[in-house]
Amino acid sequence: MSRLVAGAWFGPVLAVLLVFALGLVVGAPVPAGLIGLVVAASLLAGAPAALVVARNGAVLGPLSLALPAAAALGAAGAWLLAGPQANVMIAASLAAAGFAALWTAGGAASARLAWPMPVAALVALCLVLVLRRDAAGVLIAGGLGAAVLGLCLAMPAALTPRRMQGGLRPAGLGLLLAGAVLAGPMSGVAALEQVLALVVALPGLGVLMATPSMAPFRLGVALLLVQALVTFMALLMPGAAVALGLLPAEALENFRWALLGAGFLPVFCALAAALLPRGKGVLALGAFAVLAAGLPLLLGPIGLLAAPILGILLAMLLLLGGTEHAAGA
Amino acid sequence: MVDGALRGSRQGPRLRRAPERAGLVLLGIVGAEALVGAALLQGWLPAAGLLHAGICALLLPLLRRLDPPPAGWPGAALRVTAAALPALGPLAALAGLLALAFGPPRLGLTFGPALDNASGSAPLPDDPMESRLAAIAAPTLAGAPPLPAGLLLEALGDVLRWGTPPQKARALDLLAYGGRRGGDALLHLALLDPDPALRARAEAARPAAERRLIDRAAALHEAARVADPRHRRALARHLDAAAFSGLLDPARAAQFRVEASGLWQGIVELAPDDAEAQSALGRDLLVLGDLPAARAALEAALARGVATPGVLGWLAECLFRLRDFAALEALISRWRPVLEAEQAEPGVLAPAWRLWLEAGQ
Numbered sequence: 001m002s003r004l005v006a007g008a009w010f011g012p013v014l015a016v017l018l019v020f021a022l023g024l025v026v027g028a029p030v031p032a033g034l035i036g037l038v039v040a041a042s043l044l045a046g047a048p049a050a051l052v053v054a055r056n057g058a059v060l061g062p063l064s065l066a067l068p069a070a071a072a073l074g075a076a077g078a079w080l081l082a083g084p085q086a087n088v089m090i091a092a093s094l095a096a097a098g099f100a101a102l103w104t105a106g107g108a109a110s111a112r113l114a115w116p117m118p119v120a121a122l123v124a125l126c127l128v129l130v131l132r133r134d135a136a137g138v139l140i141a142g143g144l145g146a147a148v149l150g151l152c153l154a155m156p157a158a159l160t161p162r163r164m165q166g167g168l169r170p171a172g173l174g175l176l177l178a179g180a181v182l183a184g185p186m187s188g189v190a191a192l193e194q195v196l197a198l199v200v201a202l203p204g205l206g207v208l209m210a211t212p213s214m215a216p217f218r219l220g221v222a223l224l225l226v227q228a229l230v231t232f233m234a235l236l237m238p239g240a241a242v243a244l245g246l247l248p249a250e251a252l253e254n255f256r257w258a259l260l261g262a263g264f265l266p267v268f269c270a271l272a273a274a275l276l277p278r279g280k281g282v283l284a285l286g287a288f289a290v291l292a293a294g295l296p297l298l299l300g301p302i303g304l305l306a307a308p309i310l311g312i313l314l315a316m317l318l319l320l321g322g323t324e325h326a327a328g329a
Numbered sequence: 001m002v003d004g005a006l007r008g009s010r011q012g013p014r015l016r017r018a019p020e021r022a023g024l025v026l027l028g029i030v031g032a033e034a035l036v037g038a039a040l041l042q043g044w045l046p047a048a049g050l051l052h053a054g055i056c057a058l059l060l061p062l063l064r065r066l067d068p069p070p071a072g073w074p075g076a077a078l079r080v081t082a083a084a085l086p087a088l089g090p091l092a093a094l095a096g097l098l099a100l101a102f103g104p105p106r107l108g109l110t111f112g113p114a115l116d117n118a119s120g121s122a123p124l125p126d127d128p129m130e131s132r133l134a135a136i137a138a139p140t141l142a143g144a145p146p147l148p149a150g151l152l153l154e155a156l157g158d159v160l161r162w163g164t165p166p167q168k169a170r171a172l173d174l175l176a177y178g179g180r181r182g183g184d185a186l187l188h189l190a191l192l193d194p195d196p197a198l199r200a201r202a203e204a205a206r207p208a209a210e211r212r213l214i215d216r217a218a219a220l221h222e223a224a225r226v227a228d229p230r231h232r233r234a235l236a237r238h239l240d241a242a243a244f245s246g247l248l249d250p251a252r253a254a255q256f257r258v259e260a261s262g263l264w265q266g267i268v269e270l271a272p273d274d275a276e277a278q279s280a281l282g283r284d285l286l287v288l289g290d291l292p293a294a295r296a297a298l299e300a301a302l303a304r305g306v307a308t309p310g311v312l313g314w315l316a317e318c319l320f321r322l323r324d325f326a327a328l329e330a331l332i333s334r335w336r337p338v339l340e341a342e343q344a345e346p347g348v349l350a351p352a353w354r355l356w357l358e359a360g361q
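One line per chain: the protein sequences are G and W, in this order.
In this text, residue positions in the first sequence follow our numbering: the first is 1, and each later residue adds one.
In this text, residue positions in the second sequence follow our numbering: the first is 1, and each later residue adds one.
No wet-lab data here; the hints were simulated from the structure.
Glycine included, every Cβ here is placed at the ideal spot set by N, Cα and C.
Accuracy of the hints is not assured; some may be wrong.
[Unchecked claim] One-sided and incomplete, this derived list gives chain W residues near chain G with beta-carbon spacing under 10 Å:
#1 L40
#2 A47
#3 W73
#4 Q167
#5 R170
#6 D193
#7 A271
#8 P272
#9 A275
#10 A326
#11 A327
[As the list claims (entries may be wrong)] To be clear about the criterion: a stretch of chain W counts as covered by chain G if any three or more of its residues have a C-beta under 8 Å from a C-beta of chain G, and this derived list gives those stretches:
#12 83-97
#13 195-201
[Said to hold, decoys possible] Negatives, chain W to chain G, calculated, CB over 12 Å:
#14 G75
#15 A204
#16 D324
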């Protein structure tokens, strides 16, 4: 479960950064809003599907529901953002469905990542970029790479077809997880700063995904050390984002608070992953979504730091409450 | 959805032996979607949309004609590609083509399982499943005499039921399916596991187990040509075991069951007091849906003293499906002591027995 929760932040952040970087490299930058919208659409459709896949191993049903949903959300979002441009809408819908395929396959419990697959994804991506060097081409290329990886990861789980059962609760949890990820950036307060600051959380989230079986004390120490180091280094050079042209200089103050807040995110993920099997993940994720969306609106930039800290405190209270109950029983 | 389409239909004799054709169908999809991709890249959007819609509309009836559903890696690639095709179009086709070209994953990282109860936690030092696996593996590695088959299967069954996915995978590797009594039941258990990797591993072993069951049936058929009742009984027992193993495809299992019921019927006609034949006949007829005949056979078995929990369960199910609740209550009150012992055991029918026993008080 820790892989799923951590992956819900890790994957989208990486996807946003990769597509953004790809656009810059090709010389056809994709608007940040469009990338965010495509990734948000894919997450809203893919996270519920990933949890359903993880619940009982059925992969075809969730895939055949999640991908059209992601494509429709992507197309609708592109329409709202850029108007009725068929070119952009098709690119956004294909990219959203491609990323949704990758998130869904992430739920396939023991998928194996064979070495040719990333190479194949890379080749396919380059092929599209050679054929079409504009923003829509970049989006399609990103989606194609994700789709190739995701579908190839999903195939071992489809060797023995399995009927999808009891998917409503995991799907609801998945929606909540997607909401918790998207609430902060979608609240409208310093959205770009929040997304960029999440880079600081990537090492901690990586630790969480790479070591799901680590004992809690060791995991806590590892997260503390990694996050303290990375956040400290990021705070030393926040101007790098401004120098690269990613942020305007006046956003630096917000960015510092967002960096501090993002440093705490892996700890919240670890606690939420521990709470999910205990049935209290709904409360933890729901409360985090509300805090991440509400506190920046109420408190301003300090809210960017306060939301994860309060989320961690709440999750710890829920965990300790469960432990006392178990001990009492 | 797509899975349903692949499983659903009994039509389509032209594509009846479809597993080997899954790759061809996938290549056809790739060819057609390549045109869609080319149209997209050229900017001919309406043409691309129309062509894609046409491919999707043609694909569903085509998939419904693949009966039985295609197996193996090409089958999996076709299923996933078909599930993703409406939304991803040429991207899904390209992914399917690459998957077909590269074949099933062999080397690389193993993604860990995602559920905590089925997953991730490292085994504790005193994990009983670890000790079972160690006990099974140790003599094999040391070349010492193997464990007794019963003990081995019991231990492997425990691991397959309660172990973590890595432990289950090791148990499957340790389980040499061929010739081990009970090995088929364990393989069936592994096929129902929620972990896709374990199911894929079990699925890889299933064709061999299925082939062995079919070959054994063919050998017993040869032997049963001699008019010796012992051979006919052995054949009927094997056909029954194979049909209920859960490893055969449904059509073949039904065929075996029909044949077994015929054999048991012949045995019963020769020896009406044969309780084993009566109970086996009753079970076969129950599954085949001939409820009155199943009831008669099971009641005959019960009258001849075969009051096993299995026979009682089948008869109860038969009476329930016949909606003869008075007879069901009479059965429960007659065999209450046996059933009270049974409802305390961790069997499949225990909750049902508990319910009926409480209702009868």
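Q. Given A327/W was flagged as interface, is its beta-carbon under 10 Å from a beta-carbon of chain G?
A. It is violated, given that the least Cβ distance between A327/W and chain G is near 33 Å, above 10 Å.
Q: Report holds if the minimum CB distance from G75/W to chain G is greater than 12 Å, and violated otherwise.
A: violated (8 Å)
Q: Hold the hint about P272/W up to the distance rule: shortest CB distance to chain G must be less than 10 Å.
A: Check failed: Cβ of P272/W comes no nearer than 42 Å to chain G, outside 10 Å.
**Q.** Minimum beta-carbon distance criterion (10 Å), A326/W to chain G
**A.** violated (35 Å)
Q. Close enough to count: is the Cβ of R170/W nearer than 10 Å to one in chain G?
A. At 13 Å from the nearest chain G Cβ, R170/W fails the 10 Å test, so the hint is violated.
(Q) For the restraint on D193/W, tell me whether the closest CB of chain G is nearer than 10 Å. (A) At about 8 Å, which falls below the 10 Å cut-off, the nearest Cβ of chain G leaves the hint on D193/W intact, so it holds.
Q.
Please check whether the beta-carbon of A204/W is more than 12 Å away from every beta-carbon in chain G.
A. For A204/W, whose nearest Cβ neighbour in chain G is about 8 Å away, the distance does not exceed 12 Å, so it is violated.
Q: May I ask you to test the interface hint for Q167/W with respect to chain G, counting a Cβ-Cβ separation under 10 Å as satisfied?
A: violated (13 Å)
**Q.** Proposed interface contact between A47/W and chain G, which counts if any beta carbon pair is under 10 Å
**A.** violated (12 Å)
Q.
So D324/W supposedly isn't at the interface. Is its beta-carbon more than 12 Å from every beta-carbon in chain G?
A. holds (31 Å)
Q. Taking 10 Å as the limit, does the beta-carbon of L40/W come near enough to a beta-carbon in chain G?
A. Result: holds, 7 Å to nearest chain G Cβ.
(Q) Under 10 Å is the threshold here; is the Cβ of A275/W close enough to any Cβ of chain G for the hint to stand? (A) At about 37 Å, which exceeds the 10 Å cut-off, the nearest Cβ of chain G leaves the hint on A275/W violated.
The structure fails hints 2, 4, 5, 7, 8, 9, 10, 11, 14 and 15 (numbered hints given earlier, in ascending order).
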